[in-house]
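In short: position in the sequence shown from 1, add 200, done, that's this note's numbering.
Since the hints were made in silico from the structure, they are not lab data.
We put the CB at the ideal spot given by N, CA and C, even for glycine.
Take every hint as true, because none was put in to throw you off.
The calculated lysine-lysine pairs, modelled on BS3-like cross-linking and capped at a C-alpha distance of 25 Å, are:
| id | residue 1 | residue 2 |
| --- | --- | --- |
| 1 | LYS679 | LYS660 |
| 2 | LYS714 | LYS657 |
| 3 | LYS830 | LYS804 |
| 4 | LYS798 | LYS832 |
| 5 | LYS814 | LYS679 |
| 6 | LYS679 | LYS657 |
| 7 | LYS679 | LYS804 |
| 8 | LYS798 | LYS704 |
| 9 | LYS832 | LYS285 |
| 10 | LYS798 | LYS814 |
| 11 | LYS814 | LYS704 |
| 12 | LYS832 | LYS804 |
| 13 | LYS714 | LYS679 |
| 14 | LYS798 | LYS830 |
| 15 | LYS804 | LYS814 |
| 16 | LYS714 | LYS704 |
| 17 | LYS830 | LYS714 |
| 18 | LYS714 | LYS814 |
| 19 | LYS832 | LYS814 |
| 20 | LYS714 | LYS660 |
| 21 | LYS714 | LYS798 |
| 22 | LYS830 | LYS704 |
| 23 | LYS830 | LYS814 |
| 24 | LYS679 | LYS704 |
| 25 | LYS714 | LYS832 |
| 26 | LYS660 | LYS814 |
| 27 | LYS832 | LYS704 |
| 28 | LYS496 | LYS285 |
Computed spacing ranges between beta-carbons, pair by pair:
| id | residue 1 | residue 2 | range |
| --- | --- | --- | --- |
| 29 | GLU718 | SER791 | 19 to 25 Å |
| 30 | VAL497 | TYR773 | 52 to 58 Å |
| 31 | VAL318 | ARG270 | 21 to 27 Å |
| 32 | GLY510 | GLY334 | 36 to 42 Å |
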Amino acid sequence: MSKISSTYPEPPNRKTRFIPFDSGYLALALVMVILGAVLVYHSGFEVRSDGANYFSYLRSAVFDRDLDFRNEFARFDNAFWDTYKPRETETGHLTNVFSVGPSILWSPFYLLAHLFVVIADFFGIGLDADGFSGPYLLSVNLASLFYSFTGICLVYSLCRKYAGKGPALTASLTLWTASFITYYTVYQPYMSHAVSFFAVTLFIYYWDRTRNSRSLVQWSVLGLLAGLMMLVRWQNGLMMLFPALESIILYYTILGRGDSFLGRINFRAAASLLKKNLVFLVFILVGFFPQMAAWKVIYGGFLTIPQGTGFLRWTEPFFSEIMFSSRHGLLSWTPVVYLSLIGFVLFFNRDRLFAISGITVFLMMTYMNSIVSDWWAGWGFGMRRFDAFILFFALGLAWFFHRLARSFPRAWLSLGLIILLVFSGYNWLLMDMVREMRIHPGGPVAFNQALGFENSKIYKYTGYPFSFPANILFAIEHKISPARYDTLVGGYIDDPYFYGDTVKPAEEEVLLGKGWSEPVAYEGRQCRTVLGSAIVYAPVRTVTDFEMSVSAAGSNGTGSGNDSSTGRGLSVYVNGNEITPAQMSSKTKLSSQWEDYKFIISRKYLVAGINTVKFVTEGKDAQLKIGLIKFKRLQQVTDWK
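Based on the provided sequences and hints, a complete structural model is requested.
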């Protein structure tokens, strides 16, 4: 047996089995009741945003017996047109870029709601049995609450097996109330995230319980569960690395090592494992087939990329941003994950296969999420595309508490409760701010303003603590305050929402660096003056050639230059590389009147992320006033929006 496989935990005994009446489950049930009350009050009878797409599968299949979403999409009006405008496919259906899995898991609750409506109608209550009325919408939201509760119970059970009851319960409660999954359990349960959390947790839970001696039937069930979690969110398929690594270790053990390699091969065991692996793959397809069938009906093929080829930008990952940026960074919005990651690394010494698999999948998922065209996941709360990792974050935190309990047996519980209350309280504060639009749900966040620290001198030097260390490294690189990281990182000049292709120096300071005067009026326009040299930050999401149009005016000065009567020359540098204006082959000579000067910025000078554009004037006392800077892509970029 290899060194990794030798760290397999023992099969759970009676003390660690799923016991429905464990007081830990009662505590979780109490929290569920509270969350359920909040859900019903705030969002119980509505389905919006992406949820309209998931819901349309269910309503169309049950009431229309088809996947023609025209009446469903018309009913939800403008819930999603701006982002995902449906188009007619070659089969005559409308596109639906979302998965079918949530509707399948919601269906038992939806059918019960229909039965309730029919019975109510029989007694003259008069509810609309059209699939859209309140009971139907409430049913899918309560279904998500149920799956979220079941998922956290599985999390607690698995964490208890490794870390003990106290650390497991504290960690489970913390992740359930102090992460983005809280928001998608309570305020947007019609999204896929609560269901995805459940499906992945069920898969990993079953994998862990059966991995010492998994029978052929259990491999089949594991395959079905893999297909199910992929039905909900396709990227959940990365979790299949767990049984893949397990099988590799088993093959390595079976095939033997050393000089007598052939003599030590157990061909019967190898053939048996191969058979189980093939059955596992077959049942993955069986479990995933509903999605393939839906694609066949809608798009005409069993496999497709509904969002289009521009959905993923393979060579432009945003690793740092997806972790630390104020635009839904995993750690900046769910800071308890800092402790979870520390604990999961420490968990390596407890179960190496689990830890290696979990860390590897986390890195793979981080890469996948970072190359999505909208890596920030649009409008929402937190880095919601990590919904598959609630179990791992909880296990890491439970192990962190477990180690804490060993070192401080009397104080660990108090520390654990403080962590639970502080991070949960902060999470609910952020959720409240998002709901009330005090912070924008789709863009970068100035945390110093949101939290009331705009006048804090300490914040100027430290920045947002939960963006550490990215904000400190950013400040060192650009020689600016780490507080600027909040708003500079995450918005782009090629993102029409944040910040768009136009910079007005007199009105906006977010993208301005050093070297600018206060706003002034000149020749009927508001502008700023370049004080010798000035910087504009040009964050780019997708690297292409750009045209930069600068609306500028020069005023008289003295010194070097061929024409001191009409202003000074202008040099422009992009990331330290000088660029020339499109209409001239030498340095630009400026008129004292407002004119537009166009520059071509080659893609070879740009990076995905922050770019610096530096304007430099020539001549003593030269004055350059800039009223507007506009960027334009010169290549068409395939985008999924």
